[in-house]
Amino acid sequence: EAGVTQFPSHSVIEKGQTVTLRCDPISGHDNLYWYRRVMGKEIKFLLHFVKESKQDESGMPNNRFLAERTGGTYSTLKVQPAELEDSGVYFCASSQDVNPYEQYFGPGTRLTVT
Amino acid sequence: AQTVTQSQPEMSVQEAETVTLSCTYDTSESDYYLFWYKQPPSRQMILVIRQEAYKQQNATENRFSVNFQKAAKSFSLKISDSQLGDAAMYFCAYRSTGNQFYFGTGTSLTVIP
Numbered sequence: 001e002a003g004v005t006q007f008p009s010h011s012v013i014e015k016g017q018t019v020t021l022r023c024d025p026i027s028g029h030d031n032l033y034w035y036r037r038v039m040g041k042e043i044k045f046l047l048h049f050v051k052e053s054k055q056d057e058s059g060m061p062n063n064r065f066l067a068e069r070t071g072g073t074y075s076t077l078k079v080q081p082a083e084l085e086d087s088g089v090y091f092c093a094s095s096q097d098v099n100p101y102e103q104y105f106g107p108g109t110r111l112t113v114t
Numbered sequence: 115a116q117t118v119t120q121s122q123p124e125m126s127v128q129e130a131e132t133v134t135l136s137c138t139y140d141t142s143e144s145d146y147y148l149f150w151y152k153q154p155p156s157r158q159m160i161l162v163i164r165q166e167a168y169k170q171q172n173a174t175e176n177r178f179s180v181n182f183q184k185a186a187k188s189f190s191l192k193i194s195d196s197q198l199g200d201a202a203m204y205f206c207a208y209r210s211t212g213n214q215f216y217f218g219t220g221t222s223l224t225v226i227p
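Going line by line, the protein sequences match chains A and B. First residue of the first sequence: 1, per my numbering; consecutive thereafter. First residue of the second sequence: 115, per my numbering; consecutive thereafter.
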């Protein structure tokens, strides 16, 4: 069984540019989560999809971040325009059953904004 | 709001020895889940062990065990007979009844041959 995959693994962009991160969850997992870890700090929740619907987006930092999950399969997270403080590692996770099973994490996308 | 604190940014252990990673959390909930995740240098984060708050018995998974002290809101991870492959960043996580995960800042574990 394939795990959660994320693309790209690393992205370097300039301030003001746009970047789109992609996450492919484990097949059949309805729940998809995005997290972000800024260097040396804790991993913070961004949002949670159940199929194509946003269940909880309370962690999204501002309106420069847009997440979508069309068709309830893969998800994209777009940052537009990117700022320096957006640098970090963006993790995606999926789960088959919200309660009580654990989430399966992807390898993350390291975003560097210069 | 729930917070998770890992007070040890870095730890090291001699191969075959035992090491304990500490984690404390703050919550007003009575029912929740706690996890330890491991992120090796290859970056894929994997679950090490899970503890349900309503269970008094400490969870164990082979060489990994936890010391769960609910009243003290403490959830430490003990790794016995440490192996080189245990070297990784370890994250403590709390899962609330609202299904949100809260993570600590991580502990980087080095295993010395």
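The hints are simulated quantities; they were obtained by calculation from the structure and are not laboratory data. Just so you know, these numbers come straight off a predicted model, no measurement behind them. There could be a bad hint or two in this list.
[Claimed, not checked] Which bits of chain A does chain B cover? Going by a derived footprint, with three or more residues having C-beta under 8 Å, they are:
(1) 15–22
(2) 74–88
[Unchecked claim] Here are the simulated lysine to aspartate or glutamate pairs, EDC-like style, with alpha carbons at most 20 Å apart:
(3) A/Lys-41 <-> A/Glu-85
(4) A/Lys-44 <-> B/Asp-140
(5) A/Lys-41 <-> B/Glu-124
(6) B/Lys-169 <-> A/Glu-102
(7) A/Lys-54 <-> A/Glu-68
(8) A/Lys-51 <-> A/Glu-68
(9) B/Lys-184 <-> B/Glu-143
(10) A/Lys-78 <-> A/Asp-56
(11) A/Lys-51 <-> A/Glu-85
(12) A/Lys-51 <-> A/Glu-14
(13) A/Lys-41 <-> B/Asp-140
(14) B/Lys-192 <-> B/Glu-124
[As the list claims (entries may be wrong)] Some residues of chain B that are not near chain A, with every Cβ distance over 12 Å (derived):
(15) Ser-126
(16) Glu-131
(17) Thr-134
Just so it is clear, CB atoms sit at the ideal spot from N, CA and C, and this is done for glycine as well.
For each hint, the structure was consulted:
no., hint, in the structure
1, 15–22, "violated (count 0)"
2, 74–88, "violated (count 0)"
3, A/Lys-41 <-> A/Glu-85, "holds (13 Å)"
4, A/Lys-44 <-> B/Asp-140, "holds (16 Å)"
5, A/Lys-41 <-> B/Glu-124, "holds (13 Å)"
6, B/Lys-169 <-> A/Glu-102, "holds (17 Å)"
7, A/Lys-54 <-> A/Glu-68, "holds (8 Å)"
8, A/Lys-51 <-> A/Glu-68, "holds (10 Å)"
9, B/Lys-184 <-> B/Glu-143, "holds (11 Å)"
10, A/Lys-78 <-> A/Asp-56, "holds (17 Å)"
11, A/Lys-51 <-> A/Glu-85, "violated (29 Å)"
12, A/Lys-51 <-> A/Glu-14, "violated (32 Å)"
13, A/Lys-41 <-> B/Asp-140, "holds (17 Å)"
14, B/Lys-192 <-> B/Glu-124, "holds (15 Å)"
15, Ser-126, "holds (18 Å)"
16, Glu-131, "holds (27 Å)"
17, Thr-134, "holds (20 Å)"
The structure shown violates the earlier hints numbered 1, 2, 11, 12.
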